[in-house]
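**Q** Each chain, letter by letter, is given below.
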Amino acid sequence: MTAENQENDWQDLAQKAQSGDQAAYQNLLTQIYPVIKKFLISKVGPGHNHEDITQECLIAVHKALHTYDPKRPFKPWLFTVVRYRLIDNLRKIQKQMAREVLNPEILATSPDSDTYHEVEDTEEMIKKALDSLPSDMRRALVLTKIEGLSTQEASQKEGITPVALRSRVSRAYKTLRKKLEKEIARP
Amino acid sequence: MPGPNEFIAQLSGDLKPVRRLLSPSQRLGIWALFSVVSVLSIMFSVQGFRPGFLEELAKPKFLLETLFAFAPFLSTSLILLLIAVPGVRVSPLKIFAAFVPALIFLGFLGFGIYGAPSTQPTIAGARASCFHEILYLSWIPIFALVFLIRRALPPRRVFLGGLIGFAGACLPMAIMQVACMYDPMHVLTHHAYPVLIITGIMALMGNAMIHFKRS
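In order, the protein sequence lines correspond to chains Y and S.
Residue 107 in my numbering sits at position 107 of the first sequence; the count goes up by one each step and never skips.
Residue 167 in my numbering sits at position 167 of the second sequence; the count goes up by one each step and never skips.
You may find that some hints are simply not true.
Mimicking DSBU-like on lysine-lysine, the simulated pairs with C-alpha atoms at most 30 Å apart in a straight line are [said to hold, decoys possible]: (1) K75/Y with K16/S; (2) K16/S with K63/Y; (3) K179/Y with K94/S; (4) K94/S with K178/Y.
Quick list of simulated restraints, FRET-style, between CB atoms [to be verified]: (5) S25/S with S170/Y: 37 to 47 Å; (6) S25/S with V35/Y: 23 to 33 Å; (7) Q152/Y with A126/S: 52 to 62 Å.
FYI, nobody ran anything at the bench for these hints, they're computed from the structure.
Note that beta-carbon positions come from the ideal geometry of N, C-alpha and C, so glycine has one too.
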């Protein structure tokens, strides 16, 4: 099927789905499922738990179906919904990682090893983004969140005030998030 | 966790006909009508409008200035409603273009302050507290716009909140062109300045309002 035919087909199925045609909707979801999964793998790397995120993306598509305008192309709408869902998912994981020490051994011995693999794939992406941070921000983040030093200890090591250290950590998080969102949002 | 086919079957089985989102221009029309009617009627009931404003609107320069005062509330809210639709690309140039009427309006004020006002400045119609009226009345169009945007799928961006605040606050500011006293410096400090304040407040809390989830 050519890309144009596929686009026309999806537009037609989405329009029918909006009017309640369950068979057309099932057909549409079946066709877009592997496309979403492939897109997610390209963004977060190969792993073992893309089924979860893909299904979450389908739920997001389901909830946002009323926002699709049949006069507009379907694919840009679909990938925007999926990207937003992925960014939300990444925020959740980042918050989780900020609370836990980034120690693969600790995560690997946790009861849910699927979470470890999901975190490992995302961790690789985060490590790349971390390496691209300015050195003072990276050191502040690594000292407090990876090596586990307290704010007082880390600030003494860096020779700055605790307030200045907290500010660096906060800026490091913001910069890291922007880089990761840009990475995910790349078509 | 169910397999993909089972999951898709469940999701399809849950499908009901959806109430499709109206087009951005239709939503703009509804929002603009509601906002103008409510803000206008409240402002008129508080103190009425400046005596002689109709004669002033007959002057082309003042009419043009007033039109450019009203235009930003429409142009920026249209951009917002477009951005909130997934898959619609709104270029930075279009976003900038939405602010051009506001810049032209400020240009008119600038000319007015330096000696060429669009109409004869007057204290007739001076309101007791036009500054605070704009601060309070902006929330009517703002909450209405947040309600409309939440039904779409807006991205999480700080500028979106600020844009909502700007669009909403521009309406009472524009109405003050004919409702309050006219003096370019007064318009700048008492009508345009509250728009900046509201824009700043909404830049801080707009995202939380848009993405607030009901439990």
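**Q** Please go over all the hints and tell whether each is borne out by the structure.
**A** Do the hints match the structure? See the list:
A distance of roughly 22 Å separates the Cα atoms of K75/Y and K16/S; the hinted pair therefore holds under the 30 Å criterion. About 11 Å separates the Cα atoms of K16/S and K63/Y, which keeps this hinted pair within 30 Å; it holds. About 25 Å separates the Cα atoms of K179/Y and K94/S, which keeps this hinted pair within 30 Å; it holds. Restraint check: the Cα-Cα separation between K94/S and K178/Y comes to about 23 Å, which is no more than 30 Å; the hinted pair holds.
A beta carbon spacing of about 41 Å between S25/S and S170/Y agrees with the range 37 to 47 Å that was offered as a hint. Look at S25/S against V35/Y: about 31 Å separates their beta carbons, and that is inside 23 to 33 Å. At roughly 58 Å, the beta carbons of Q152/Y and A126/S sit within the given window of 52 to 62 Å.
In this structure, every one of the numbered hints holds.
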